[in-house]
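Quick note, the sequences are listed as chains W and X, same order.
Under my numbering, the first sequence has 30 at position 30, and the numbering climbs by one with no breaks.
Take any residue in the second sequence, count from 1 to its spot, add 1000: that is its number in my numbering.
Some hints could be false.
[Stated by the list, open to error] Calculated cross-link-like contacts (lysine to any residue; reagent style SDA-like; alpha-carbon spacing at most 25 Å):
(1) X/K1035 <-> W/I30
(2) X/K1035 <-> W/F88
(3) W/K44 <-> X/Q1154
(4) X/K1096 <-> W/R34
(5) W/K92 <-> X/K1203
(6) X/K1279 <-> X/I1264
(7) W/K44 <-> X/T1020
(8) X/K1203 <-> X/I1264
(9) X/K1035 <-> W/D69
(10) X/K1096 <-> W/R38
(11) X/K1096 <-> W/F88
(12) W/K92 <-> X/I1077
(13) W/K44 <-> X/V1084
(14) W/K36 <-> X/I1009
(15) W/K92 <-> X/I1264
(16) X/K1096 <-> W/L37
(17) X/K1187 <-> X/T1223
(18) W/K36 <-> X/L1080
(19) W/K92 <-> X/T1223
(20) W/K92 <-> X/L1226
(21) X/K1270 <-> X/R1233
(22) W/K92 <-> X/K1279
[Claimed, not checked] Computed Cβ-Cβ distance ranges for the label pairs, DEER-style:
(23) W/R34 <-> X/I1036: 58 to 64 Å
(24) W/R34 <-> X/K1172: 38 to 44 Å
(25) W/I28 <-> X/R1156: 21 to 27 Å
(26) W/L21 <-> X/H1097: 33 to 39 Å
(27) X/R1024 <-> W/R34: 27 to 33 Å
[To be verified] Here chain X is said to cover these stretches of chain W; the calculated rule only asks that three of the stretch's residues, wherever they fall, bring their Cβ under 8 Å from a Cβ of chain X:
(28) 30-39
(29) 76-86
The set of hints was computed from the structure by calculation and includes no laboratory data.
All C-beta atoms in this analysis are idealised placements derived from N, C-alpha and C, irrespective of residue type, glycine included.
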Amino acid sequence: LWQKSEKEQLVIQQNELIMLLLGVGVLIFIIENRQKLRRVPAAKIMISGFGMILGGWCLTVLEGFIWRDFFNFMEHMCYAASSLLMAFWCWKVFQPKKDAE
Amino acid sequence: MRPLAVFDIIALFATITALTILVRGWQRSLQRDSKILFSGLFTLTLFLNLSNVLEWTGISAALDPLEDFIEILVPVIWFLIFYVFLQEMVTSELGKHTHYYRTLLDSLHEDIIVIDRNYSITDINNNFLMTSGLNRAEVIGQKCFDLLHSQDRQCRFYGEDCKLEEVFETGKPCSCRHEHWNQNGLKNWVDILTSPIKNQDNKVTHVIEAIRDITDMTMPEMTGDLLTRELIRIRPDIPVILCTGFSAKIDEQKAMAMGIKAFILKPIVKRDIAAIIRKVLK
C-alpha cells in the first residue's frame, strides 16, 4: 500500500491494514459491551488472547515503517502468547470437572 | 533455530492443544454456536501458524494468497464469537429475569391476573390456576368478564363495579369488591386490588389484579351498615360496635351518624377491644 525507502524496501500489505482495522472494530465492540462480556467464562483470559493477537496485527503494520526486525520479533511473540492464552482458556472452560467424574 | 521459529512452533502447538481440548470437551459448557465459531477460529489460526512455521523451510510460498484471505477472516470470526457470547448473555439474562418474576408471582397467596386493554388475560399465577381449576392455556387470551363472571360483556353493563377502566384512565391503583364464581359453581366474595403496569412512555398497557377470596370473612346477603340500621330499627337502644378491615364504604363519621357506638378498624388486640366493649356498655 505504502512504500518506504530505507536500506531495504518496506511494504505495508493491504490485507494487514484491513486485518488491523477489523481488529480495532472488534476491540471497540468489546469496550462497548465490556460489562456484559465480563460474564463470559474466564473472560479476562479470552480477551487477553484477543488483545495479544490484536497487538500482533498492530506490530505487523508498524514493522512496515520502522524497526522491522524488532517489531517482527514482537509480532511473532504476540501470536505465540495469544495461542497459549487461548489454549489456557480452553483448558479452563472445557476441562472435565473433578466432581463430575 | 532462530527465536522467531521457536515462537511460531509454540503458537502451532498451543493452537493444536486448544483445538484438541475444544473437541474433547465438546459436550461441556458453552452454547453450540460458540463452539463452532471457536473450532473455526482455531482451525484458521492453526493454518496461519503452520504457514509461519513452513515459511522457515521455504515451502509456504504457494500458500500466500490463501494466507492473505484467512488473515482477514480471523478478526471477523473473533467479532462473531464476541457477538454470539453477547447474545447468549442477553438470552440468559432474560431467562433469569423471567424465572425471577414467575417465581415472584407464583409465591403470592392471592390470585394474580394480568389484563390488557382489550380485557384479555395475558398472565396469571399458579395460585389462580389452583383456585379456578383451569390450566394456563384455558385462561390466557380469555376475556376477564367471560372467565370470571360468565358474562359476554364488561361488568359495568351488568351494574357491577369494575375498576379496570378507571385504572387504565387514571393510572392509579384502586380496590373493589366483586362476586366471582368458583370451579364448583358457587358464588365467592373477593377483594380485588387493581394496579397499573406502565410502559416507558408512562402509559398504562396492562392492569394487574390481586384477588383475595374473602367469602369466609364477609357476611352473606347483607353488609355491616345495613345490619346495623336494621338492628337499631328493631331495638334503638342496642349498643353496636362496628369492627371492619374494609373501610372504603364506611368511616367513623358515617358510623357515628348511623348510631354506632364505636368504630374499630382491624387489626385490633384483645385488650383494646375489651376496653372498648366496657366503655360502650357503661
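Here is what the structure says about each hint:
no.	hint	in the structure
1	X/K1035 <-> W/I30	holds (19 Å)
2	X/K1035 <-> W/F88	holds (16 Å)
3	W/K44 <-> X/Q1154	violated (58 Å)
4	X/K1096 <-> W/R34	holds (20 Å)
5	W/K92 <-> X/K1203	violated (48 Å)
6	X/K1279 <-> X/I1264	holds (13 Å)
7	W/K44 <-> X/T1020	holds (21 Å)
8	X/K1203 <-> X/I1264	violated (39 Å)
9	X/K1035 <-> W/D69	violated (36 Å)
10	X/K1096 <-> W/R38	holds (17 Å)
11	X/K1096 <-> W/F88	violated (29 Å)
12	W/K92 <-> X/I1077	holds (21 Å)
13	W/K44 <-> X/V1084	holds (17 Å)
14	W/K36 <-> X/I1009	violated (35 Å)
15	W/K92 <-> X/I1264	violated (67 Å)
16	X/K1096 <-> W/L37	holds (17 Å)
17	X/K1187 <-> X/T1223	holds (16 Å)
18	W/K36 <-> X/L1080	holds (15 Å)
19	W/K92 <-> X/T1223	violated (70 Å)
20	W/K92 <-> X/L1226	violated (75 Å)
21	X/K1270 <-> X/R1233	violated (29 Å)
22	W/K92 <-> X/K1279	violated (77 Å)
23	W/R34 <-> X/I1036: 58 to 64 Å	violated (24 Å)
24	W/R34 <-> X/K1172: 38 to 44 Å	holds (41 Å)
25	W/I28 <-> X/R1156: 21 to 27 Å	violated (57 Å)
26	W/L21 <-> X/H1097: 33 to 39 Å	holds (37 Å)
27	X/R1024 <-> W/R34: 27 to 33 Å	holds (31 Å)
28	30-39	holds (count 5)
29	76-86	holds (count 8)
Hint check: violations occur at hints 3, 5, 8, 9, 11, 14, 15, 19, 20, 21, 22, 23 and 25; the rest are consistent with the structure.
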